[in-house]
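Construct all of the structure, not just a fragment, from the sequences and the given hints.
The listed protein sequences derive, respectively, from chains A and B. Numbering-wise (my numbering), the first sequence opens with residue 1 and increments by one. Numbering-wise (my numbering), the second sequence opens with residue 151 and increments by one.
Treat the hints as calculated values from the structure; they're not laboratory data. Watch out, some of these pointers could steer you wrong.
[Unchecked claim] The list that follows gives simulated cross-link-like pairs (lysine to aspartate or glutamate, EDC-like), each with its CA atoms no further than 16 Å apart:
1) LYS249(B) <-> ASP277(B)
2) LYS280(B) <-> ASP88(A)
3) LYS24(A) <-> ASP277(B)
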Amino acid sequence: MALDQSFVGRTYPPTTPYEVGREKIREFAEAVGDTNPAYTDPQAAAALGHADVIAPPTFVFSITFKAAGDVVRDPQLGLDYSRVVHRDQKFAYMRPVRAGDRLTVTSTIEGIKSLAGNDIVDVRGEVHDEAGEHVVTAWTKLVARAAEEA
Amino acid sequence: MTAKVSYESVEVGTELPAQSFPVTRATLVQYAGASGDFNPIHWNEKFAREVGLPDVIAHGMFTMAEAIRVVTDWVGDPGAVVEYGVRFTKPVVVPNDDKGVLVEVSGKVAALLDDNQVRVDLTAVSDGQKVLGMSRAVVRLA
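Shown next, in the form of structure tokens:
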């Protein structure tokens, strides 16, 4: 069944702030095996011009994906979340995410399409810090695969 | 932001040092915890097969995180990355052994842009298959 097109353009209220911690960044960098000292050593980060340790480029997805998930799980949208796969991901960074940031995500549904029974939803997440500064934009394309015929 | 590669030193076609990243089941468990993505297709073989996958697969975002390291290791400052996008074209299938699988990533400068920025196109291959499509990063050089 085709998804409700009236959801296109809908923007959801900002999420509650996520506080980025040094140890969470360290944990993430270790999980992806990345030893760049900018992620763990404040002095190394400062030498590169950063106010504190910065997060790896894909770190912010943990925050934006949760926000996008809340959007596409809206029961009124009718997406079968159990069949959802992640198709595309893109980020545009105004500055790197850094320890001490308190980040909110404002999600907008940018597009809804049905192709060969697959439902495709594009969500844009605008990430701002506590001062209202724009930090990063994340575009997430999710596809709910068509259910197999019985 | 202090990149260690100068804009003047690169041209279209400049190759970045390629890298291979091993992925095991343990890697995926660790990434699940760090990222908060506990989808069972990334750790539960039975569940993965039930939804039609050949085996447990890596998080697309894990592969994306590995691939950009070819850029951030090259440029030195991860904060120099201005844009980064990928399409997840094939899953990275991770066998249940201590060797796991390799994700091999290479990259080259595809375009010189304004403001000391360049576009790097990345290729990520696992088990002979391209696992990322349209994998591109824009990075600001010194």
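Status of each hint after checking the structure:
Distance restraint check for LYS249(B) and ASP277(B): the Cα-Cα separation of roughly 13 Å lies within the 16 Å cut-off, and the hinted pair is therefore satisfied. Restraint check for LYS280(B) and ASP88(A): the C-alpha separation of about 15 Å stays at or below 16 Å, so the hint holds. Of the pairs offered as hints, the one joining LYS24(A) and ASP277(B) is violated, with about 31 Å between alpha carbons and a cut-off of 16 Å exceeded.
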